[in-house]
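Start counting the sequence shown at 1; every next residue gets the next number (full-length UniProt numbering).
Treat each hint with caution, since some may be false.
The calculated EDC-like cross-link candidates involving lysine to aspartate or glutamate, where the alpha carbons are at most 20 Å apart (straight line), are [what the hints assert, rightly or not]:
hint : residue 1 : residue 2
1    : LYS141    : GLU156
2    : LYS101    : ASP151
3    : LYS101    : GLU117
4    : LYS82     : ASP46
5    : LYS82     : GLU21
6    : LYS101    : ASP143
7    : LYS27     : ASP46
8    : LYS101    : GLU156
9    : LYS141    : ASP68
10   : LYS101    : GLU88
11   : LYS27     : ASP85
12   : LYS82     : ASP49
13   : LYS27     : ASP40
14   : LYS82     : ASP68
15   : LYS141    : GLU111
16   : LYS82     : ASP19
17   : LYS101    : ASP140
18   : LYS101    : GLU111
19   : LYS27     : GLU75
20   : LYS82     : GLU171
21   : LYS27     : ASP68
22   : LYS141    : GLU117
23   : LYS101    : GLU134
24   : LYS101    : ASP125
Think of the hints as simulated: they come from the structure by calculation, not from any bench.
The structure presented is a predicted model; accordingly, all values stated were derived computationally and were not measured.
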Amino acid sequence: MMHIQHEAEERHVLTVTVDNEAGILAKIAGLFTARGYNIDSLTVADITDNHAVSRITIVTHGPRSQIDQIHAQLERLVPVHKVVDLTEVGPHVARELALVKVAGVGDRRVEALRIAEVFRARPVDTTTGSFIFELTGAPDKIDSFVALMRDLGLVEVGRTGIVAMARGAAEA
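With these hints in hand, go ahead and build the complete structure from the sequences.
Below, the structure is given as structure tokens:
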């Protein structure tokens with residue numbers, strides 16, 4: 001009898017330093033889609049004064065061999081300067097911003113405000129029947145806040161995607 005071994009899926013946070021040129025984001029996204037890999041989160045930020053270089057943060061998941069393949073293929077793209085797998089580097093800080101709209105009156109409204117205070121979510125818009133909360137934190141914190149708001153009248157959620165950096169003084 002043959003046993004098929006399945007590699008465990010792992011979540012990885014990759015930072016990719018690239019020349020800030022037209023089409024680079026499409027090339028990177030195309031690399032993922034052509035191979036059937038999923039991007040869970042993607043953010044891009046200009047990181048130099050002259051706007052020549054950007055940093056792309058990609059959160060993806062898959063078996064170790066797939067992550068290694070993604071890493072190698074990203075490094076082969078011409079405008080890519082550096083690829084760092086923060087998950088492999090070690091301790092890192094990952095944060096995300098979310099706007100969460102909750103509709104409700106009476107006890108539901110009071111409970112939504114109470115929970116928001118516990119999570120340090122800040123109301124950035126208030127009407128008599130709804131709130132929009134701004135929340136920054138680790139993705140699991142945002143997931144937990146959104147899950148609690150579902151029972152209280154969750155209307156809409158907007159999330160920025162994850163931005164991450166390695167801990168310590170050195171650049172990763």
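Consistency of the hints with the structure:
1. Between the alpha carbons of LYS141 and GLU156 the distance comes to roughly 17 Å, so the proposed pair stays at or under 20 Å and holds.
2. Under the criterion of a C-alpha separation no larger than 20 Å, the hint pairing LYS101 with ASP151 is consistent with the structure, at around 13 Å.
3. Distance check on the hinted pair: LYS101 and GLU117 sit about 15 Å apart at the alpha-carbon level, within 20 Å; holds.
4. For the hint linking LYS82 to ASP46, the alpha-carbon distance of about 15 Å falls within 20 Å, and the restraint holds.
5. Simply put, LYS82 and GLU21 have alpha-carbon atoms about 15 Å apart, close enough for the 20 Å limit, and the pair holds.
6. Restraint check for LYS101 and ASP143: satisfied, since their Cα atoms lie roughly 14 Å apart, inside the 20 Å limit.
7. Annotation: proposed proximity of LYS27 to ASP46 holds, straight-line Cα distance about 17 Å (limit 20 Å).
8. Restraint check for LYS101 and GLU156: satisfied, since their Cα atoms lie roughly 5 Å apart, inside the 20 Å limit.
9. For a cut-off of 20 Å, the pair hint linking LYS141 to ASP68 is broken: about 28 Å separates their Cα positions.
10. Restraint check for LYS101 and GLU88: not satisfied, since their Cα atoms lie roughly 35 Å apart, outside the 20 Å limit.
11. Pair hint LYS27 plus ASP85 holds up; C-alpha atoms about 19 Å apart against a cutoff of 20 Å.
12. At roughly 19 Å between alpha-carbon atoms, LYS82 and ASP49 fall within 20 Å of each other, so this suggested pair holds.
13. Restraint check for LYS27 and ASP40: satisfied, since their Cα atoms lie roughly 17 Å apart, inside the 20 Å limit.
14. For the hint pairing LYS82 with ASP68, the CA-to-CA distance comes to about 14 Å; that is within 20 Å, so the pair holds.
15. Among the hinted pairs, LYS141 with GLU111 is consistent with the structure: their alpha-carbon atoms are about 18 Å apart, no more than 20 Å.
16. For the suggested pair LYS82 and ASP19, the alpha carbons sit about 10 Å apart, so the restraint of at most 20 Å is met.
17. Taking the CA atoms of LYS101 and ASP140, the gap is about 18 Å. The hint holds against a cut of 20 Å.
18. With a C-alpha separation of about 14 Å, the suggested pair LYS101 and GLU111 falls inside the 20 Å cut-off, and the hint holds.
19. Our distance criterion of 20 Å between C-alpha atoms is met by LYS27 and GLU75, whose separation comes to about 12 Å.
20. Our distance criterion of 20 Å between C-alpha atoms is met by LYS82 and GLU171, whose separation comes to about 12 Å.
21. For the given pair, LYS27 sits about 18 Å from ASP68 by alpha-carbon distance, which is consistent with the 20 Å threshold.
22. A hinted pair counts as satisfied when its Cα atoms are at most 20 Å apart, and LYS141 with GLU117 qualifies at roughly 13 Å.
23. The suggested pairing of LYS101 with GLU134 holds, with an alpha-carbon distance near 9 Å, which does not exceed 20 Å.
24. A C-alpha spacing of about 9 Å is found between LYS101 and ASP125, which places the hinted pair at or below 20 Å, so the restraint holds.
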